[in-house]
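Trainee: Residues 3 to 320 in my numbering are what the sequence shown spells out, letter by letter.
Note that these hints are calculated values from the structure, not bench results.
Just so you know, not all the hints are guaranteed correct.
Each computed PhoX-like pair below joins lysine-lysine, with the alpha-carbon atoms no more than 25 angstroms apart [to be verified]:
| id | residue 1 | residue 2 |
| --- | --- | --- |
| 1 | 115 | 130 |
| 2 | 313 | 178 |
| 3 | 220 | 313 |
| 4 | 115 | 220 |
Derived CB-CB ranges, DEER-like [claimed, not checked]:
| id | residue 1 | residue 2 | range |
| --- | --- | --- | --- |
| 5 | 217 | 260 | 27 to 35 angstroms |
| 6 | 123 | 192 | 32 to 40 angstroms |
| 7 | 219 | 116 | 21 to 29 angstroms |
| 8 | 116 | 254 | 28 to 36 angstroms |
| 9 | 143 | 223 | 37 to 45 angstroms |
| 10 | 259 | 130 | 22 to 30 angstroms |
| 11 | 200 | 113 | 41 to 49 angstroms |
Virtual Cβ for every residue (Gly too), placed ideally from N, Cα, C.
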Amino acid sequence: MIVMPLSALLLANVSLVSVSSVPVATPAELGSSLLARVNDAPHITALPLDGGAGEPQAAPSAPQTAAPADAQSTPPADNAPVAVNPPAAADAAAPMEAAPASESLVLRDPWQKPNRDIFAFDLFFESKMLAPVAHGYRAVTPQFFRAGINNAILNLDEPSTAINQVVQLKIGRALKTTVRFAINSTIGIGGLIDVASAGGLRRRPADFGQTLGRYGAKPGPYVMLPFLGPSNLRDGFGRLVDTFTDPVGFVIGGVFTSPGGAARYAMAGINWREKNDGTMAAIYGASDPYAFTRAAYSQQRAAVVQDATGKAAALPDF
Numbered sequence: 003m004i005v006m007p008l009s010a011l012l013l014a015n016v017s018l019v020s021v022s023s024v025p026v027a028t029p030a031e032l033g034s035s036l037l038a039r040v041n042d043a044p045h046i047t048a049l050p051l052d053g054g055a056g057e058p059q060a061a062p063s064a065p066q067t068a069a070p071a072d073a074q075s076t077p078p079a080d081n082a083p084v085a086v087n088p089p090a091a092a093d094a095a096a097p098m099e100a101a102p103a104s105e106s107l108v109l110r111d112p113w114q115k116p117n118r119d120i121f122a123f124d125l126f127f128e129s130k131m132l133a134p135v136a137h138g139y140r141a142v143t144p145q146f147f148r149a150g151i152n153n154a155i156l157n158l159d160e161p162s163t164a165i166n167q168v169v170q171l172k173i174g175r176a177l178k179t180t181v182r183f184a185i186n187s188t189i190g191i192g193g194l195i196d197v198a199s200a201g202g203l204r205r206r207p208a209d210f211g212q213t214l215g216r217y218g219a220k221p222g223p224y225v226m227l228p229f230l231g232p233s234n235l236r237d238g239f240g241r242l243v244d245t246f247t248d249p250v251g252f253v254i255g256g257v258f259t260s261p262g263g264a265a266r267y268a269m270a271g272i273n274w275r276e277k278n279d280g281t282m283a284a285i286y287g288a289s290d291p292y293a294f295t296r297a298a299y300s301q302q303r304a305a306v307v308q309d310a311t312g313k314a315a316a317l318p319d320f
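Turn these sequences into a full structure, and let the hints steer you where they fit.
Mentor: Right, here's the structure in full:
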């Protein structure tokens, strides 16, 4: 069983395509977080849509969580361009390099029918359960408190990140990540304050799916996972490895084996959703939310692997 944080829901580690349009057949611009981290959440570079990033984003003043009325509508031809509604100005993002030629701009999707069924379930869970809880959390907590929780959640990812950076032979990054963790865990009061970033040591997420891609492993087919959101065969295996090799998990326990582990992952999911009203509005506003999410995830993960291979400028923190 793959044990993963709820923060991977619907998008992921990790991030990021411009949501003004997502041309699937041609390189698309990458922009603000659409999946999570991923690494926006522990071991997720998927829904950062976060691979792998995780810096706080300003949430729109009015949450938009309308149910996806056309999520089950007749899908367009596989890998066809996906039209989406223009995002709010606050969600616009600067363009980045196109995804690397070594990976497909849109993952193969031979299991599209079951994937769409799981996607519909994930959207239902998001709109009926996760979003209301996240909005309630926002309503009863001050911004500085939420920022501290976000910092602490991301800080718990740093040991696993450092391990992957060592395996990727990025020793300089691994040393900086280790120093970040030491500074934020002590001076930063358990990670509540990101002292390291203020001192110039910015966060550089990494995960085992990215590590496999760095050494040439292909992503394989696109897969939608219940509660966990978009993935592919390579990254799904990478999530499993990250989960069972996470040093923090050895200390506080896994999501299904200890109250501390379960609380960590549940809070990571609520934290991600509280910050990403704009992301969810873009998904619900797409003419085909499923194809939009697939395109965003495909391009984000391709960019994450491109960063690990050193063939492109480093991805920014989101």
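Trainee: Find the hints from earlier in the document that the structure breaks and name them by number, from lowest to highest.
Mentor: none
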